[in-house]
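These protein sequence lines map, in sequence, to chains A and B. Quick note: the first sequence uses this note's numbering, first residue 1, plus one each step. Quick note: the second sequence uses this note's numbering, first residue 242, plus one each step.
Warning: the hint list may mix true and false statements.
Residues from chain B shown here face chain A by an in silico Cβ test under 8 Å; the list is partial [stated by the list, open to error]:
1. Glu248
2. Ala252
3. Leu257
4. Asp451
5. Gln452
6. Ala455
7. Gly460
8. Asn496
Computed cross-link-like contacts, DSS-like style, restricted to lysine-lysine with a CA-CA straight-line distance of at most 25 Å [to be verified]:
9. Lys89(A) with Lys441(B)
10. Lys136(A) with Lys441(B)
11. Lys109(A) with Lys441(B)
12. Lys253(B) with Lys136(A)
13. Lys157(A) with Lys112(A)
14. Lys107(A) with Lys66(A)
15. Lys87(A) with Lys136(A)
16. Lys89(A) with Lys66(A)
17. Lys366(B) with Lys107(A)
18. Lys465(B) with Lys109(A)
19. Lys112(A) with Lys441(B)
20. Lys55(A) with Lys366(B)
21. Lys247(B) with Lys185(A)
Keep in mind that the hints were calculated from the coordinates and are not lab data. Fair warning: this is a prediction, and the values are worked out from it, not measured in the lab. Using N, Cα and C, we set each Cβ at its ideal position, and we do this for glycine too.
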Amino acid sequence: MSILLKVENLSRSFGGIHANSDITFDVNEGEILGVIGPNGAGKSTLFDLITGFTKSDKGKVILRDKNITNIRPDLICRLGVGRTFQKLKPFADQTLLENVIVGALVKEKNLKVARDKALEIIDFVDLIEKRHHYAKELSTGQRKRLELARALATDPKLLLMDEVTGGVDQRTIPGLVELVLKLKKNGITVVTIEHNMKIIMDISDRILALNQGKRIAFDIPKNISQNSQVIDAYLGTVDAA
Amino acid sequence: MNLISKELLQAKNEPLNYFNKNSLIIIGLVVLGLFLYPFISPSKFALHLLMMIFMHAVMSQSWNVLAGFSGQISLGHAIFFGIGAYASGYFYTKFQITPWVGIIIGIAISAFVALLIGIPMLRLKGHYFAIATLLIGISFQVIFQRWSEVGGSAGLYVPINRDSPWLSMQFHKSKVSYYYITLVFFIITFFLVWLLNRSKLGYRLKAIRDQSEAASSLGIHVSKYKVIAFIISAMIMAPMGSIYAQYVLIIDPNNTFSVDISILVLLISVMGGVGNIWGPIIGSSILIPISEFSRIYFGGTGRSIDLIIYGILIISICIFRPSGIVSLIPKSFREREKAK
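Can you build the whole structure from these sequences, using the hints too?
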């Protein structure tokens, strides 16, 4: 299995806070990598660093053999890295279809071709009936699918998903999880931030655990669930009390 | 298995753009009516009023392309109006170059100026961009007030030419030719902006307007496209300055590079509906008659009456219809139809 993304010693501080310090990990082609950690662990910052939204102080991000550290977000997208946002950012005053067309235009020159591709992806995320609804009229779960569809339309090799199941009700979660697994089947490599432990343990091939900006574990799910540092981070240490 | 693909197939067969037959017919009839209107020998004032409506609709559309499509609020759009006016006026006065070429020179200079000021300024976000454009607009006025080559604060008087009206773009006998010139510019501008709205560029600009971070995560170079929008906007504005100059034949910095124009084009769009291509037409059709009629009825004594009425209207719009008067038009007449 070849390595798609390599992150080496990635660091970023905001004032005195080390949001990310010396994060190192890699992502294999075709796998689902889960990223876990308590609030403020630096998960979203890590995504922002990889996708160029935040400039790193130190370290490298390498996509295949290309160094993509600190280049512009739009170029990173064109190189095949898609992302969704934790705080959803739909184009609210445009329809679902128009939202996804914007993504499809990255690779497609022709508007009609882009439209058809967008429709296929909207169908893939099971929202085809809603294609002419404005983004602001969609539910949170549907907006998550919208963001996913929009990112997928750019033909990513690697998709970074920030809390797909966050903020949606229990009934919506299985569908979203199924969707992530469907992505994997379609050969898309996924890095996903998740708070729901059950889900992340089930779907991930490997898990990266962060706490206070540092990597505390990077392993297969079974070992992660027994890792004392991870348990400490989530439940607090016994002897600290 | 093919339950879903049926809906998909149907979706793919839908036309890329929806056209409402009724609205197309209405637009066609209105355009035809406007072309035939001079044949019923209307008054000079009626022609003047319509011309002003067309001109201001175009000027406001220029502002709308920047603000409504890419989300940048400009308070200095008179810059391009002034450049257009001075380009045609100066080259005609000094070198006898026909204003038709002057219009093109004005468009080119405006595009260049938009590029120069757009690159540094469009990095500013929101309010800061608005403040910067306001100040640059005023700076332009000051520069032209001091620039003796273009007449300083007295401005330029375009020499009268009665021999070749079309070449000199001066029509002293009637306003009909001016009327047709502005009408043609008006129709061309709206057609081009209508195309822009549904082009790839349009999709990208609206994405930037709604969510610039998401746009850049979708491969859109945000600052590049903002500059492109600014350039297009400037190119729409400039010819109106040139036509205005040929209409009044006096070009001075106070009337061309004026903050009033920058604010007026904004008010018209806000009134009609920002980000909607029909907004500027509606806004212009309401605000321009108000100012022309108040000028007639109150004359010199009531010079600001129109502004008071504007103020009341704009405040009411902001309170009751923040998305502009265009939102009063029933959905069925708007272009985009939502599937049931």
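Checked hints:
| no. | hint | in the structure |
| --- | --- | --- |
| 1 | Glu248 | holds (5 Å) |
| 2 | Ala252 | holds (5 Å) |
| 3 | Leu257 | holds (6 Å) |
| 4 | Asp451 | holds (4 Å) |
| 5 | Gln452 | holds (4 Å) |
| 6 | Ala455 | holds (4 Å) |
| 7 | Gly460 | holds (4 Å) |
| 8 | Asn496 | violated (36 Å) |
| 9 | Lys89(A) with Lys441(B) | holds (20 Å) |
| 10 | Lys136(A) with Lys441(B) | holds (22 Å) |
| 11 | Lys109(A) with Lys441(B) | holds (8 Å) |
| 12 | Lys253(B) with Lys136(A) | holds (23 Å) |
| 13 | Lys157(A) with Lys112(A) | holds (23 Å) |
| 14 | Lys107(A) with Lys66(A) | holds (20 Å) |
| 15 | Lys87(A) with Lys136(A) | holds (14 Å) |
| 16 | Lys89(A) with Lys66(A) | violated (28 Å) |
| 17 | Lys366(B) with Lys107(A) | violated (28 Å) |
| 18 | Lys465(B) with Lys109(A) | holds (18 Å) |
| 19 | Lys112(A) with Lys441(B) | holds (10 Å) |
| 20 | Lys55(A) with Lys366(B) | holds (19 Å) |
| 21 | Lys247(B) with Lys185(A) | holds (23 Å) |
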